[in-house]
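Turn these sequences into a full structure, and let the hints steer you where they fit.
Protein chains in written order, with the working numbering: chain A, 1 to 220; chain B, 1 to 220.
Just so you know, these hints were derived from the structure itself, not from any lab. Just so we're clear, the structure is a prediction, and the values are computed from it rather than from any experiment. Don't take every hint at face value.
Chain copies aren't distinguished; within one or between two, either way the pair holds.
[Unchecked claim] Quick list of in silico lysine to aspartate or glutamate cross-link-like pairs, DMTMM-like style, CA-CA up to 25 angstroms: (1) LYS102 / ASP158; (2) LYS102 / GLU60; (3) LYS102 / ASP195; (4) LYS102 / GLU178; (5) LYS102 / GLU191; (6) LYS102 / ASP10.
Number of protein chains: 2
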Amino acid sequence: MRDVYHEQLDLILPELEDMTRTVAAAVRRSTAALLTVDLTQAEQVIAADADVDATREAIEEQIFELIARQAPVATELRMLIAAWRMVADLERMGDLSVHIAKVARLRYPAAAIPPELSSVIEQMGSVAGAMVTQVGDLLHSRDVQGALALDATDDEMDKLRSSQFRLMMDDSWPYGVETAVDIALLGRYYERIADHAVIIGDRVSYILTGDPSALAAEIR
Amino acid sequence: MRDVYHEQLDLILPELEDMTRTVAAAVRRSTAALLTVDLTQAEQVIAADADVDATREAIEEQIFELIARQAPVATELRMLIAAWRMVADLERMGDLSVHIAKVARLRYPAAAIPPELSSVIEQMGSVAGAMVTQVGDLLHSRDVQGALALDATDDEMDKLRSSQFRLMMDDSWPYGVETAVDIALLGRYYERIADHAVIIGDRVSYILTGDPSALAAEIR
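Structure below.
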């Protein structure tokens, strides 16, 4: 594995790392809003997304200026473009947290999540939040092992989604169609947060190793 | 409105236009696979996605080479980066068609779509396919009116999704949870195809007018 040091990335990666902290908080808060039927937290996640959007724009502008002014050589350009995509992934993870918070808001003052499903939704939120945090750690450590850890955590998400489907498809499911649809869409949002985390992990692996085969997950 | 002519874009936009034809076919075929319970068509959509992925990679590589070799000035760089994102949007629309085809495959030989829902799914597929075609037309005509037409068609998708939810939430819904979950996720996939079409329309508007406010939909 090549150890690559790039001044330009040293400017950008810490900002992406900061963005992961904001997004991880949004994932955790939106899950808490669902589980504790907390409209205030739901509204906070929805309102705070404007900051994530602004951060994305600011980082993109920085990357753009670096490319435009410094006409980086091919390797550096590839890295800057990888960073450019990571900021879009992170912003999308913020949007998905907003979608989760909006389910909590839509059903308030009722609970969107029946008691039997609390555990699986709590775990999905916890796994998704952990993956965003793992992305931040990976950006900090720049250790390619961190990308492998993300793949392992993503397997947990897949298992949770399967068990969520099993619970809903049980003939004795008592909560009706509306709740099932909410739960299915929530599962999809959490799964997409996890997908974006894996894709970012792959991009960081690519930056660290220069191996383009690291990027296979993107096109799944 | 400025009339912008750029040689580099003249190389890239026709390839994006070709890609819209492939993706529009995938959207229509996956919908046909659902509605006619046709495993062969579903498998064809799933297999053909590798071509969409390869096209994405090839176009990205071309854009990358243009940026790396020609060190374009800021305006051209912005346009190339907009094109770079459009190819990722198109590739994602292909993935979403695969998700639709996989629902048809998962339920085969049973029909995933009950007769009462055929019409709304058919319309969603038709609107999504039309939006991909509109994107192709817009890339061809480079007429900013085409982006406005996309917004109007997207309103139809929103109405279809609402009516789909109404059908499922009716107390007399006879098809059980599994079908409701399939339909809800399919609705989400079609909606995301439409979202990506709107985002591409906005990017083309931005290229044509230079007005960054055209990009607002991306961060919704």
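Now the hints, each set against the structure:
In this homomeric assembly, LYS102 and ASP158 come within 25 angstroms of each other (Cα to Cα) both inside a single copy, at 23 angstroms, and across copies, at 17 angstroms. Proximity of LYS102 and GLU60 under a CA criterion of 25 angstroms is satisfied in neither setting, with 27 angstroms inside one chain copy and 35 angstroms between copies. For the identical chains of this complex, LYS102 and ASP195 are neighbours both inside a copy (21 angstroms) and across copies (18 angstroms), given an alpha-carbon limit of 25 angstroms. Taking the shortest Cα distances, LYS102 and GLU178 sit within 25 angstroms of each other both inside one copy (15 angstroms) and across copies (23 angstroms).
Both within a single protomer and between protomers do LYS102 and GLU191 lie at most 25 angstroms apart by alpha-carbon distance, with minima of 17 angstroms and 17 angstroms respectively. Taking CA atoms no more than 25 angstroms apart as the test, LYS102 paired with ASP10 passes in neither setting, with 36 angstroms inside one copy and 42 angstroms between copies.
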